[in-house]
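Colleague: What follows is each chain in one-letter form.
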Amino acid sequence: MLVRTHLWGQFMRESWLSARSAVALGGLLLAGVAAAARPDFTGVWGVYREPGAAAPQRGAPQPALPLKPEAKAKIDAYHALVDKSGDTPGGFCLGTGMPGSMLGSGGYPMEIVQHDKMLVVVYEAHTEVRHIYLGERAKEQDLFPDRNGYSFGRWEGDKLIVETTHLKEAVDQARYPHSDQAKIVEEYRLVSNDDGSKVLIANMTLTDPAFYTQPIKSEKKWQYQPGVRLLPYECTEPAWEAHLEELANKKGAH
Amino acid sequence: MTKSLLALLYAAALTPPALAHHSAARFDLTIRDHTVTGIVKEFHPANPHTKIVLEIADDKGKRDVEFEGHSLNNYYRAGWREGMVKLGDKITLYAAPTKDGTDGGYALEVVAADGTRF
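Line by line, the protein sequences give chains L and B. Using the numbering used here, the first residue of the first sequence is number 49, and each one after it goes up by one. Using the numbering used here, the first residue of the second sequence is number 9, and each one after it goes up by one.
For reference, chain B alone in the conformation it holds in the complex:
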């Protein structure tokens, strides 16, 4: 086994699972009025951050886009309750966009299908 392969394996062993890695640094949190509407493909309220995947159709075409959101606890205190967002729902996110303009964003606020906001 080469030294470089050993180094690669060592680095991989030190890398935590991807889902444990959260950072808001890639989002422009100064933009708070940007909205995105789509169909819910995934909605995982979690700590430290929630994962939301929406099917979005715009001039770039139809695709699934992943968003990061507040913690489960913060959404709960803002009014979210279990079952409020279901797969297939059409929801809107007030989402701070990515700094580099790629798909995704940080969901500052969620507008559920029935209009409930949290």
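Okay, chain L solo, but in the shape it has when bound:
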């Protein structure tokens, strides 16, 4: 059970108070203290499960979404195509995309590598990679739509706030389909279990005036997994091998 703010939070607050008193010493010193107070999300994180909780049931019913009629029509049309066969993007080696990637990524672990000006998040499933930029924001004309969008973040105390835009319309998102107008805000903070193990909590707000009548909120918890390594997730090799075999068969036929 999560009962207390992680020691990092306490450390950060104390550091912040120290930093306030140190303002007179100069901005550079303040910046250095604030940076040192940030929690470190670096590491491999797996799906968090409350102690004693049963494994989640696959395909369990979910609450209805506040969809606009035209959005619902698009999503229904998509499901009319794929539900009978059960086809999914992942079955065709396509990455999950936001917000599915940050909300679980198929139950596979993720790895975060934290730098001062950027965090790199690698989701094991389909080796999806997100870059969360903290420094200079890319120019608007240099961005284009993507399944994981463009993510720009900032630290607010011990919380990391990430805004993701430039998403492709994705009716194939398993839980939260969205349009290309969607904006996703994530708020990450570190807490600790009674046993001292680290838990990363991500609160997500999806705002999409084209698809939804109100913002969508969701929470995801990740458990720190020291010693676990992220595995490669090669997915398209069988298709390549099949193609080579097809070419060989054609060549043999001539």
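Simulated from the structure, these hints should not be mistaken for lab results. Treat the hints loosely; a few may be bogus.
To be verified - Heads up, simulated PhoX-like pairs for lysine-lysine below, C-alpha to C-alpha not over 25 Å straight-line: (1) K165(L) - K116(L); (2) K116(L) - K265(L); (3) K231(L) - K265(L); (4) K59(B) - K132(L); (5) K98(B) - K70(B); (6) K132(L) - K107(B).
We have chain L already, so just place chain B on it with the hints.
Modeller: Same frame as chain L, now just chain B:
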């Protein structure tokens, strides 16, 4: 070339290779205690799903049956390691059967020839 032939070729061009197409929708995943034993003819741990072909002999006769299984990564984390399953091994699958009763299934768990389970 007729319009219908053009349409057929267009559709074929949009169709991804068969091996890239995976779906668990045709399996009854609520049945988790159904076992199948056979001789390994193919064992391809892969993502997103593993391909297993067993030679099975039962009252329907001797034949090769293809099963789909968890991803390579999930089998790895459950204990599978390279060389653990070899061609010719006699293994058992806990396999969710197909919904329509045809041959095949989804390998929820594998019991290797030496008894290792993953």
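Colleague: If a hint holds in the structure, say so; if it doesn't, say that too.
Modeller: Hints versus structure:
1. K165(L) - K116(L): violated (38 Å)
2. K116(L) - K265(L): Given pair K116(L), K265(L) holds - Cα atoms ~17 Å apart, limit 25 Å.
3. K231(L) - K265(L): The hint holds at about 12 Å.
4. K59(B) - K132(L): With Cα atoms ~22 Å apart, K59(B) and K132(L) stay inside 25 Å; holds.
5. K98(B) - K70(B): holds (14 Å)
6. K132(L) - K107(B): holds (12 Å)
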